[in-house]
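Residue numbers (this note's numbering), protein chains in the order written: chain C, 1 to 153; chain V, 1 to 745.
No lab work stands behind these hints: they were computed from the structure.
Please note that the accuracy of each hint is not assured.
[To be verified] Dumping the calculated DSS-like pairs for lysine-lysine here, alpha-carbon to alpha-carbon at most 27 Å: (1) V:LYS228 x V:LYS185; (2) C:LYS149 x V:LYS173; (3) V:LYS231 x C:LYS149; (4) V:LYS740 x V:LYS705; (5) V:LYS208 x V:LYS155; (6) V:LYS228 x V:LYS173.
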Amino acid sequence: MQLTINNKIYDVDIEPDTPLLWVLRDEIGLKGTKYGCGIAQCGACTVHVDGEAQRSCQLEVGDLEGSAITTIEGVGTPEALSAVQQAWITHQVAQCGYCQSGQIMQATALLMENNAPTDEDIDDSMSGNLCRCGTYPRIRAAIHDAATKLQEG
Amino acid sequence: MGRAKTIARRTFLIGSVAIAGGVAFGVYKVKTPHDNPLADTLEPGQATFNPFVKITSDSITLITPHADIGQGVVHMQAALIAEELDLEFGQFETSFGSPDAAYFNTALGAEAVPFASFDEGFAARTMRTVATSAFKLLGVMGTGGSSSVPDQYEKLRRAGAIARETLKLAASKEADIPVSQLSTKNGAVVFPDGSLRTYQDLAASAAKLTPVSDVTLRDPSTWRLIGKPMKRDDILGKSTGTQTYTIDLEIEGMVHAAIRINPRRAEVLEYDASEAEAMPGVSRVLPVTNGLAVIANSTWRAINAANQINFDWAEAPYPAEMDAHWAEVAASFMEDRLDQEWRSDGDPDAAMESTEVLTAEYRAPYVAHQPLEPLAAIVRVDNEGAEVWAGHQLPRFVQQKVAAIAGCEPDQVTFHNQYSGGSFGHRLEFDNITLTTEIATQMPGVPVKLTFSREEDFAQDYPRQIGMSRSSGSVKDGKVDSWSLDIATVSAARSQSARLGLPAAGPDTQIAAGAWSMPYAIPHLRVRAYAVPELAPTSSWRSVGASTAGFFAEGYLDELIHFAGADPMEERLRLCTNPIHRQVLETIAEMSNWGSDLSENQGRGVAMVESFGVPTAEVVEVTNTEDGIKIDRVYIVADVGRVIDPVNFENLMQGGVIWGLGHAINSEITYSDGIAEQTNYDAAEGMRLYQTPEIIVKGLENAEKIRGIGEPPVPPAAPALANAIFAATGQRLREMPFNKHIDFV
Ligand code: FES
Ligand code: FES
Chain C
1 MQLTINNKIY
11 DVDIEPDTPL
21 LWVLRDEIGL
31 KGTKYGCGIA
41 QCGACTVHVD
51 GEAQRSCQLE
61 VGDLEGSAIT
71 TIEGVGTPEA
81 LSAVQQAWIT
91 HQVAQCGYCQ
101 SGQIMQATAL
111 LMENNAPTDE
121 DIDDSMSGNL
131 CRCGTYPRIR
141 AAIHDAATKL
151 QEG
Chain V
1 MGRAKTIARR
11 TFLIGSVAIA
21 GGVAFGVYKV
31 KTPHDNPLAD
41 TLEPGQATFN
51 PFVKITSDSI
61 TLITPHADIG
71 QGVVHMQAAL
81 IAEELDLEFG
91 QFETSFGSPD
101 AAYFNTALGA
111 EAVPFASFDE
121 GFAARTMRTV
131 ATSAFKLLGV
141 MGTGGSSSVP
151 DQYEKLRRAG
161 AIARETLKLA
171 ASKEADIPVS
181 QLSTKNGAVV
191 FPDGSLRTYQ
201 DLAASAAKLT
211 PVSDVTLRDP
221 STWRLIGKPM
231 KRDDILGKST
241 GTQTYTIDLE
251 IEGMVHAAIR
261 INPRRAEVLE
271 YDASEAEAMP
281 GVSRVLPVTN
291 GLAVIANSTW
301 RAINAANQIN
311 FDWAEAPYPA
321 EMDAHWAEVA
331 ASFMEDRLDQ
341 EWRSDGDPDA
351 AMESTEVLTA
361 EYRAPYVAHQ
371 PLEPLAAIVR
381 VDNEGAEVWA
391 GHQLPRFVQQ
401 KVAAIAGCEP
411 DQVTFHNQYS
421 GGSFGHRLEF
431 DNITLTTEIA
441 TQMPGVPVKL
451 TFSREEDFAQ
461 DYPRQIGMSR
471 SSGSVKDGKV
481 DSWSLDIATV
491 SAARSQSARL
501 GLPAAGPDTQ
511 IAAGAWSMPY
521 AIPHLRVRAY
531 AVPELAPTSS
541 WRSVGASTAG
551 FFAEGYLDEL
561 IHFAGADPME
571 ERLRLCTNPI
581 HRQVLETIAE
591 MSNWGSDLSE
601 NQGRGVAMVE
611 SFGVPTAEVV
621 EVTNTEDGIK
631 IDRVYIVADV
641 GRVIDPVNFE
651 NLMQGGVIWG
661 LGHAINSEIT
671 YSDGIAEQTN
681 YDAAEGMRLY
691 QTPEIIVKGL
701 ENAEKIRGIG
711 EPPVPPAAPA
721 LANAIFAATG
731 QRLREMPFNK
741 HIDFV
């Protein structure tokens, strides 16, 4: 089957019920997307499918042919950071960092839809993403900051 | 001296490591430095000055041996060296280094002795020296007990200064210019005419010199890095998905493994793996201790197949149901199980004889660690020894554990420590390491990567100690007068020591940690710790004993103050005798505007607990809404002697508060049929973003000794919240998790 990930086409030969998460990590080698729970409880595996934040541990690859998949590697790189990633660095959000790919993907999706989110919007959108280290206050601040930067263009 | 002697003959239990006290260490042995492990790695023309700095003609490597479990300790260690060595971030690489006695922890021993952190008496000082010597002789490397900063603060600056002065000496000899006319900047020695020679260029000449030993550390007023906001070295990788963790590593020729282990921690009676064996990508099913491993060509195929095995598990060696666990804890307040009477001021029994007595019982459940990166390890075993990749806090024990299974010597085990996706105490345990080694010994030469499913991780976690307290106390003239605090918990330290194969005699300093050393001059105060015999095995959980004892103490103290009709802050201030602790309380009172008006349905609670030498106070503000308690705001003040990086400090303080609050609200592990009932985050989620209050942080620098901040924010969070909820609702919460008794929004 063919998957479109970060604007590149990959041919994969795998059981169609395999979760996208494990195809990304083990077959394609995109390790930025993390495994945390496997049951849609932590958000560490968040990617975008056709622009929407989705839990890749819950998506069967067989259903994704023709969809545009974006992972953390597709939103920005150390050399070319996205506005959200830049805000994450400015606010020094990460501790262990393990949840942060998922947090950034979720926040990016939120900001694509709503470039001036209120605290409540952030609560609604981000509360499915667990951070065991407790970086939530900085996540909130970074999202507000990225929103301001995006509005300024 | 009498007391020091008695204690010296005992053994101390220190978080995860037990050491024998009273051993006669020869002064010579204690004074002799360990060999520099980097010396063995040098090629001609490369220089090392101590175990922490290596310079070659094209690179500078700083060894940062403490494990980075999210607390930013690689950056902190590198900054301490770079401060004195005049390096900028970007000019050097960091490495966890190889496990070696030279990296022994100089702070853990001193922290372990059963004296209050502020006790500078002869006995306390003597025992700290004895314990530190033991850690040195045993070469105990360890990350934990918030000890990284106290361990490294002076040692690494000195390492940087020694390297700097030796490089200057090399430059002086090369150019025949006196050292006094040389300076250093930006990774280079600067000559009087302004010309530069980089450290890399000087490596070959410096390699021929004996490192300069007489160095002076710089005055803090000249620091470029320490005390200032720093951009953490790992922040770019952790904001772009490019930081790798154990779970991400690929070693050539590697196979993937998943396990199923008896969740009752006993044998496998029978199993049927035929379905799993026939699944795509599965190559083998292998026996491991108390379970089976599935080997496959991808993580998913291995985990998926492991879930298809049917098992008949043997019974648990501990009670199958929670009622029996609690009954055992409740039955432990007896002479036979008295572990230590830690405090005995005045005569509480007499004081309570003819006055009204307030009694209360508190409970704290088992709680899982569950850092977000699941347990994982990669191990390859062959005739030469073994190679291990994993994130771990006790690297030399990793070598021992692997060697014992692989049938080699510990020094034949190469260990590559990794950045970890959190720990909270989880990565002091070895199951990922030992199980992977068991598999790898059955597949010689093949690197085996084992990834725990979240469900296996929950099932095999060693949770925090379960415990209870019983308090009785009385008041006089509107003041707290007497208090007898009895605490009974299982001993996480003994449980850990048994798994480490270490002796575990003597009192467990953690059972009543944060309670017995409270800086309150209550006329009649007794604190006794009782050890509950092992039930389900337990382990160190972020802030260890103080996470339970601190709740028991500060929750009940609030009740007693209320009983006296006094104000929770004013009465604590009146009772607090230690000036450092007093300032912490005064600061939090001022910051939180204590005493100012709140609306009818709001409440404010305070708690102060000292753990790992750091007095930490929190004020929590809540609103009692129609749908439940909302946590509005938290103020937190801690005195760590010196704040190394205010940004990282704030992040760790906030994270500690969130950890303490979240688990107090909604997390526990309960056993039914001998199996932990919580199998994933849906049943033990901790705090989420929508519940997170505003958290206002302040660090004080009055204390004489510098301390770490990874754990101290945790213990005051639960009692400050319980006390705030009482103020808002009149309901006392004496059992965690609080959501058993009250709703939260
Ligand atoms: S791994 Fe997908 S939500 Fe946790
Ligand atoms: S930074 Fe560690 S889990 Fe979020």
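Each hint, compared with the structure:
1. In summary, the hint linking LYS228 of chain V to LYS185 of chain V is supported, as the alpha carbons are separated by about 18 Å, within the 27 Å threshold.
2. The straight-line distance between the Cα atoms of LYS149 of chain C and LYS173 of chain V is roughly 54 Å, outside the 27 Å bound, and the hint therefore fails.
3. The hinted pair formed by LYS231 of chain V and LYS149 of chain C meets the criterion: a straight-line CA distance of about 20 Å does not exceed 27 Å.
4. A distance of roughly 40 Å separates the Cα atoms of LYS740 of chain V and LYS705 of chain V; the hinted pair therefore is violated under the 27 Å criterion.
5. This hinted pair checks out: LYS208 of chain V and LYS155 of chain V have alpha carbons roughly 23 Å apart, not beyond 27 Å.
6. For a cut-off of 27 Å, the pair hint linking LYS228 of chain V to LYS173 of chain V is broken: about 35 Å separates their Cα positions.
Of the hints listed earlier, those the structure fails to meet are numbers 2, 4, 6, in rising order.
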